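Take the sequences, apply the hints, and build the full model.
First to last, the protein sequences are chains H and D. Residue numbering for the first sequence follows this note's numbering, beginning at 1 and increasing consecutively. Residue numbering for the second sequence follows this note's numbering, beginning at 1001 and increasing consecutively.
Where hints are given, some of them may not hold.
Across the chosen pairs, the derived CB separations fall in these ranges [unchecked claim]: (1) H/A70 <-> D/V1236: 49 to 57 Å; (2) D/L1032 <-> H/R132: 41 to 49 Å; (3) H/R11 <-> D/V1174: 37 to 45 Å; (4) D/T1029 <-> H/S130: 36 to 44 Å; (5) D/L1032 <-> H/A70: 56 to 64 Å; (6) H/L103 <-> D/P1035: 23 to 31 Å; (7) D/E1181 <-> H/I42: 48 to 56 Å; (8) H/R132 <-> D/A1170: 18 to 26 Å; (9) H/I187 <-> D/L1082: 41 to 49 Å; (10) D/S1162 <-> H/G170: 50 to 58 Å; (11) H/V161 <-> D/T1029: 44 to 52 Å; (12) D/L1082 <-> H/A225: 47 to 55 Å.
Examples of chain D residues lying across from chain H (beta carbon under 8 Å, computed) [as the list claims (entries may be wrong)]: (13) F1024; (14) I1113; (15) I1132; (16) G1248; (17) L1251.
Counterexamples of contact, computed for chain D against chain H with all Cβ distances above 12 Å [to be verified]: (18) A1015; (19) A1025; (20) G1086; (21) A1102; (22) V1133; (23) A1170; (24) L1213; (25) L1218; (26) T1269.
No lab work stands behind these hints: they were computed from the structure. Note that the structure is predicted; figures quoted are calculated from it, not measured. Glycine is no exception: its CB is placed at the ideal position from the N, C-alpha and C atoms.
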Amino acid sequence: MTRALALIRRRLVGSVFVLSIVIIGTFLLLEAAPGDAVDAYIVSTGGDAGLIEVLRHRWGLDQSELTRLANYLWALCHLDLGQSVTFSRPIRDIILERLPTTLILMGSATALSFGLGSALGIYAGAKPGSFRDRFLSIGSLALYAVPGFWLGLVLIVVFAVDLRWLPIGGIETIASAKTGLSRAADIATHLVLPVSALGFIYLALYLRMMRAGMAEAWRQDFVLAARARGLSRRRIVLAHVARNALLPLITMLGLQSAQTLGGSVVIESVFAVPGLGRLAQEAVAGRDTPLLLGIILTSAVLVIVINLLVDLAYALLDPRVGASEAGA
Amino acid sequence: MSRLHRFLRSPEAIAGTAILALLFAMALTAPLLFPGDPQAIAGPALLPPFQDWSLPLGTDRLGRDVLAELFHGARTSLAVGLSAAGAALLIGAVVGTLAGFAGGLIDEVLMRITDAFQTVPGFLLALAFVSIVGPSLGVVVAAIALGAWTGPARVARAEVLSIRERDYVAGARVIGMHPLEIAFREVLPNALPPVLALSSVIVAAAILTEAALSFLGLGDPNRVTWGAMIAEGRAVLRTTPFLSIIPGIALVLTVLGVYLAGEGVVETTAVRRSLS
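And the structure:
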């Protein structure tokens, strides 16, 4: 357990640095934007020069850049992300409202691509160089070449428009007054298509990694030893070869989280899923600088937390990791 | 057996190269075969494909020639994909070389910045960048490169770390070369091969990101892009899905061609390495 604690401590220190760079970087980027929140507000609602002055002062936009950055950092310490211009509500509340949807979407899509991808990878890697191996490798590559948003549209055409099996978009049936299990089932049916669109494109990653790791593991001495002990082929494939190829896939889970989060921006817009990604698009459309800043920051924190969890899982699974840090 | 010979023996590599050759041909001949503005009205609106042979792939909602748009879209996809990947590889190689060669505080700072860029989803960053600076071809290229240079930087750094201890680097130090000159003239060229091995993945990702950006309406409005064509067809998805499906197939084939050709190159060079 000390191993894991040492790992967490080291990672947390690193995360603070990384997060500060992200904050400063996005702040500078968004400062460079022509026009500010007041301009956007005036464009949408109208108002005179006097109102502009008042608003600039109230939102602290008439101060120097450094002061604004300091104000922003101070507010962040209180978990205050500021006020959204387009929604006229605290940004933290909006983000917290949208976050669960995105987490469910991301989690299910990752489970799909990891589960199916590694299973197919084991199937392909059980016989490297065979027909099924080549077929799955090329097939998964073709799938990896598909843009997620286009896959989403094709799924809509087939399953929602032609077959009418599944809803075309949204997160649940509007004004259905469903509760409990029936509401959960309703949300699940709405999520089938977006989760498939997001999950299938990243499936190839796990499949190919599993397959490559297994092709490598087949050459190791422990496989020869297992063969010599007379273990069944099935046992060798699952308990020895696949098991050794599985660990790098867990690291991939963490590395992939930022990608999946980025991918969900487009998928949420295709399926009108009210999550964080769609919120980002709404922020762009409304020129809502603080909101976009908040979303980018939230995703960075999310990615850091996911990677921390993945590292922890890895340390628990592989006794070699972090062994040197426990003594330090 | 020559490297080219081995490359041509792999069916995947041949397929990939053929697709890319076709794509380059489309991009180069677009102004000749379809002169004038591809976004101009060419016929009746929503003409289905294979009906009128002067408009083989039909027309979209505004009566624009889908085939002409497809050809001109190939230009944008290739131009953005290649230049964004080139920029990402260049930035990555320079940052990685500096970090690996300098070591110490410079290394620490550069790698924390790399970490930060990897923590923010690349697509979200590109979205923010384009929406702030305004959509034009150059901005889209920069936005994509901004999220794609971290992989090459890490690979370059790892390679530089192993190269900088070699004898010829020590030799260059002894004859009094400036450290920056050693880093960029002696070390960087030798660290390039594994970085360049990433190029197919990065080009493919850049093409997909460009498509997604223009799908969301953040592409260059004066250029035909496949992503914008898919978005345009989305409005009539129920009645005429082919308008979204055709440019999507072009995208899939393009990206697949890049992967296959890239994999062919890596495989032939890897075989060569293990033989020597």
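Each hint, compared with the structure:
1. H/A70 <-> D/V1236: 49 to 57 Å: holds, 51 Å
2. D/L1032 <-> H/R132: 41 to 49 Å: holds, 45 Å
3. H/R11 <-> D/V1174: 37 to 45 Å: Roughly 41 Å apart at Cβ, these two residues keep to the hinted range, so it holds.
4. D/T1029 <-> H/S130: 36 to 44 Å: Given a distance of about 41 Å, which is inside 36 to 44 Å, the answer is holds.
5. D/L1032 <-> H/A70: 56 to 64 Å: Given about 58 Å between the Cβ atoms, the range holds.
6. H/L103 <-> D/P1035: 23 to 31 Å: Once the Cβ atoms are compared, 51 Å apart, the range 23 to 31 Å for D/P1035 and H/L103 is violated.
7. D/E1181 <-> H/I42: 48 to 56 Å: Check passed, 54 Å falls within 48 to 56 Å.
8. H/R132 <-> D/A1170: 18 to 26 Å: Violated - the Cβ-Cβ distance for H/R132 and D/A1170, about 51 Å, lies outside 18 to 26 Å.
9. H/I187 <-> D/L1082: 41 to 49 Å: holds, 42 Å
10. D/S1162 <-> H/G170: 50 to 58 Å: holds, 53 Å
11. H/V161 <-> D/T1029: 44 to 52 Å: violated, 35 Å
12. D/L1082 <-> H/A225: 47 to 55 Å: Hint holds: Cβ distance 49 Å, inside 47 to 55 Å.
13. F1024: violated, 18 Å
14. I1113: At 6 Å from the nearest chain H Cβ, D/I1113 passes the 8 Å test, so the hint holds.
15. I1132: holds, 4 Å
16. G1248: holds, 4 Å
17. L1251: Holds: closest Cβ of chain H sits about 6 Å from D/L1251, inside 8 Å.
18. A1015: It is violated; D/A1015 is separated from chain H by about 9 Å at its closest Cβ, not greater than 12 Å.
19. A1025: holds, 20 Å
20. G1086: Given a closest Cβ separation of 20 Å, the condition holds.
21. A1102: holds, 18 Å
22. V1133: With a cut-off of 12 Å, D/V1133 comes too close to chain H, as the shortest Cβ separation is near 8 Å.
23. A1170: Given a closest Cβ separation of 30 Å, the condition holds.
24. L1213: violated, 9 Å
25. L1218: Violated: least Cβ distance 8 Å, not greater than 12 Å.
26. T1269: Its Cβ never comes within 12 Å of chain H, the nearest being 17 Å, so this holds.
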